[in-house]
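A.B. asks: Let chain A serve as the given structure and place chain B on it in line with the hints.
So the protein lines, in turn, are chains A and B.
Note that the first sequence covers residues 170 to 463 in this note's numbering.
Note that the second sequence covers residues 43 to 379 in this note's numbering.
Some hints could be false.
[To be verified] Pairs of lysine-lysine residues, derived as DSSO-like cross-links and limited to a Cα-Cα distance of at most 27 Å, are as follows: (1) B:Lys186 <-> A:Lys425; (2) A:Lys210 <-> B:Lys186; (3) A:Lys454 <-> A:Lys397; (4) B:Lys356 <-> A:Lys326; (5) A:Lys378 <-> B:Lys332; (6) A:Lys326 <-> B:Lys332.
[Stated by the list, open to error] Examples of chain A residues lying across from chain B (beta carbon under 8 Å, computed): (7) Leu218; (8) Glu318; (9) Ser325; (10) Leu334; (11) Leu336; (12) Asp337; (13) Glu341; (14) Leu360; (15) Leu362; (16) Asn363; (17) Ala365; (18) Lys406; (19) Leu407; (20) Val408; (21) Glu414; (22) Arg417.
Rather than coming from a laboratory, the hints here were simulated on the basis of the structure.
Bear in mind the structure is a predicted one, so any value in this text is a computation, not a measurement.
The beta carbon of each residue, even a glycine, is placed where N, CA and C say it ideally should be.
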Amino acid sequence: MDKLKVAILGSGNIGTDLLYKVLRSSWLECSLFIGRNLSSKGMSRALTLGVAVSDKGIQCIQDNPGSCDIVFDCTSAMSHNIHAPILAELGIIAIDLTPAKLGPFCIPAINLDACLNDVNINMITCGGQASIPLAYVIGQTQKDVEYIEVVSTIASKSAGPATRLNLDEYIETTEKGVKMFSGCGRAKAILNLNPAEPCIDMQTTVYAKMPRVDLPALQQGIAEMVQKIQQYVPSYKLVIPPTYENNRVIMSVRVKGIGDFLPSYAGNLDIINCAAIAVAEEFAKNRGKGREAQ
Amino acid sequence: MKNVIISDATLRDGSHALSHQLTREHIAQYCRAADAAGISIVEVGHGNGLGASSLQVGLSLLDDREMLQTARENLSRSRLGIHVIPGFATINNDLRYAFDYGVDVVRVASHCTEADITERHISYTREQGKEAYGVLMMSHMAPKEVLLDEALKMQSYGAEAVILMDSAGAYLPVDVLDRVGHLAASLKVPVGFHAHNNLGMGVANSVAAVEAGARIIDGASRGFGAGAGNAQLEVIVAVFERLQIKTGIDLYKALDAADIVEKTIMAAIPYISSVSLVSGLSGVFSGFAKHVGLAAREYGVDPRDIFFELGIRKVVGGQEDKIVEVAMELQDRKRRG
Chain A
170 MDKLKVAILG SGNIGTDLLY KVLRSSWLEC SLFIGRNLSS KGMSRALTLG
220 VAVSDKGIQC IQDNPGSCDI VFDCTSAMSH NIHAPILAEL GIIAIDLTPA
270 KLGPFCIPAI NLDACLNDVN INMITCGGQA SIPLAYVIGQ TQKDVEYIEV
320 VSTIASKSAG PATRLNLDEY IETTEKGVKM FSGCGRAKAI LNLNPAEPCI
370 DMQTTVYAKM PRVDLPALQQ GIAEMVQKIQ QYVPSYKLVI PPTYENNRVI
420 MSVRVKGIGD FLPSYAGNLD IINCAAIAVA EEFAKNRGKG REAQ
Chain B
43 MKNVIISDAT LRDGSHALSH QLTREHIAQY CRAADAAGIS IVEVGHGNGL
93 GASSLQVGLS LLDDREMLQT ARENLSRSRL GIHVIPGFAT INNDLRYAFD
143 YGVDVVRVAS HCTEADITER HISYTREQGK EAYGVLMMSH MAPKEVLLDE
193 ALKMQSYGAE AVILMDSAGA YLPVDVLDRV GHLAASLKVP VGFHAHNNLG
243 MGVANSVAAV EAGARIIDGA SRGFGAGAGN AQLEVIVAVF ERLQIKTGID
293 LYKALDAADI VEKTIMAAIP YISSVSLVSG LSGVFSGFAK HVGLAAREYG
343 VDPRDIFFEL GIRKVVGGQE DKIVEVAMEL QDRKRRG
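Chain A extracted, bound-state conformation (with noise of 0.2 Å):
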């Protein structure tokens, strides 16, 4: 069967890093590598891995309207309202790596099925990708939990000057769907930046405060997560399980990239982009199933 044709927008560490995970897909293809300086780094690199590339922007999609059924866009949340109804029109689906929040919010481990059936889809934050899933089973498992706090800590070399400038929008995005998936109406984010050499992995910890906690749930349902999440992100790692101290819960996990164009300390960002992949990837086997079916 032909694989998924897909256009990565945006050619910086994130573009790029997504163009490797297309490579090694079973059911996609990057059919185009767009950005706006071919002499770029990551411009070269696709080049160099015999990829298709322009430096038109999304004219280049514009004038190849057939050229692919998905893009992924990673420019800015500026850029994607500007390419967001420009997609929609040309009937290719947006799956959306900045923080424009145009479209519903996926996590592929809770709610990857509900998204297939929209055509802009956003993928929240990469410290939102570590910690809902965590704050979702909370919500499913407990009662009466009145907070929720999720706390990340990222090394210094893996946040760049748009992650820095924009950390306000980080932490509202993340709260924003914290409060979504878990159900509880008050949350918080935090961010850490560890320039420590050499580089830390991401870490996520997230907190409740309950009176009172049904802790065999809670395991069980965090364990299931844990290697759902796996298999997509798979050194997705709880480090700190479940524990219940001073009407609160705690549990952290640690995510270490894959380590394909970004270095592996920048989980942060890998698992966003293995969250975006598993998506597009999920359009791609429905598809799939749609054509058995006729």
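C.D. replies: Chain B only, in chain A's frame:
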């Protein structure tokens, strides 16, 4: 005669020592005393500043608004200051309303190598017509050349002063001379210094900072602050008088303010306990002291081992979750023998 601005961290850094349980009465009483003494800037808030009340660091008894409102009502001469760490506090969630409560000085802080995350909060403060300082925390962890680069970034964002914090109490006077001197020689804006007392150097380091060109010095009455406490504010005032450094503070009234803190606010006078000494030696954030004590008891391990292990891992402020993880690992190691 040199002029130095004293910025009072009592009601902010002291929050760490009280596990962030300051009451309205504490704030009102101390603010009146500090105001009467003529202290230039009085900070108030959670130990990690605005928007930092959290399970990670500790929940505040009062919310930020109540703290700011109470302080504002009781300050007339002194300016009201806040500590703000991007990553904890956002402009929309937190900073926006702080100005409605009459905040005058916003001290925007980051770990000492991460100044670029302070850009938006500093600019926003300046756009509101308020004073913005940049604060480099845990400044013992980076060489002076890096500190200068980061301080220059803050200056370019509009910071009207840059404060070096010795958040771990790890500096000796010679380090202060070297680092503060390097910044003071190259920045257009004034340099400040914030000392902790883990190695018994709080006041000596504050004197060294002024010698090296600092024009803003942070202190806390009776040393009320995280871990071994801060440079003791009333001692700084007295020593500076002796050195003919002008602070504009009335010594007797500063002593009265310190007595109020001792008698009515603090649970215990800060001192250099064996554990805070180790905390300073290992270069770990002073604000971790209470958490390390709790985790050591919970998991039956030596708090000194926790501090040294955190130091080896180069943990920064805000990483309180690491304390639990390290305590669990030490317990596991102990069980296996």
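A.B. asks: For each hint, tell me whether it holds in the structure or not.
C.D. replies: Hints versus structure:
Proximity of B:Lys186 to A:Lys425 is assessed by CA-CA distance (about 32 Å); at most 27 Å being required, the pair is judged violated. Pair hint A:Lys210 plus B:Lys186 does not hold up; C-alpha atoms about 32 Å apart against a cutoff of 27 Å. For the given pair, A:Lys454 sits about 17 Å from A:Lys397 by alpha-carbon distance, which is consistent with the 27 Å threshold. With a C-alpha separation of about 15 Å, the suggested pairing of B:Lys356 with A:Lys326 holds against the 27 Å cut-off.
Of the supplied pair hints, the one linking A:Lys378 and B:Lys332 holds, its CA atoms being roughly 20 Å apart against a limit of 27 Å. Pair hint A:Lys326 plus B:Lys332 does not hold up; C-alpha atoms about 30 Å apart against a cutoff of 27 Å. For A:Leu218, the suggested interface contact is broken, since its CB lies about 32 Å from the closest CB of chain B, more than 8 Å. Hint status for A:Glu318: holds, given a least beta-carbon distance of 5 Å to chain B, under 8 Å.
Hint on A:Ser325 holds. Least Cβ distance to chain B is approximately 6 Å, under the 8 Å limit. The interface hint given for A:Leu334 is met, as the beta carbon of that residue sits about 7 Å from the closest beta carbon of chain B, less than 8 Å. At its closest, the beta carbon of A:Leu336 sits 5 Å from a beta carbon of chain B; the interface hint therefore holds under the 8 Å criterion. Because the beta carbon of A:Asp337 sits about 4 Å from the nearest beta carbon in chain B, less than 8 Å, this interface hint is met.
Residue-level restraint check for A:Glu341 holds (minimum Cβ-Cβ distance to chain B is 6 Å; threshold 8 Å). Interface restraint check: A:Leu360 against chain B, minimum CB-CB distance 5 Å, threshold 8 Å, status holds. Evaluation of the A:Leu362 hint against chain B yields a held restraint, the C-beta minimum of about 5 Å falling below 8 Å. Hint status for A:Asn363 relative to chain B: holds, with the closest Cβ pair at about 5 Å, below 8 Å.
Below 8 Å, beta-carbon pairs count as interface contacts, and A:Ala365 has one with chain B at about 4 Å; its hint therefore holds. The restraint placing A:Lys406 at the interface with chain B is violated, with a minimum CB-CB distance near 12 Å, outside the 8 Å limit. The closest approach between the C-beta of A:Leu407 and any C-beta of chain B is roughly 12 Å, which is over the 8 Å cut-off, so the hint fails. With a cut of 8 Å, the hint placing A:Val408 at the interface with chain B holds, because the nearest CB-to-CB distance is about 6 Å.
Taking 8 Å as the C-beta cut-off, the interface hint given for A:Glu414 holds, the closest approach to chain B being about 7 Å. Hint status for A:Arg417 relative to chain B: holds, with the closest Cβ pair at about 5 Å, below 8 Å.
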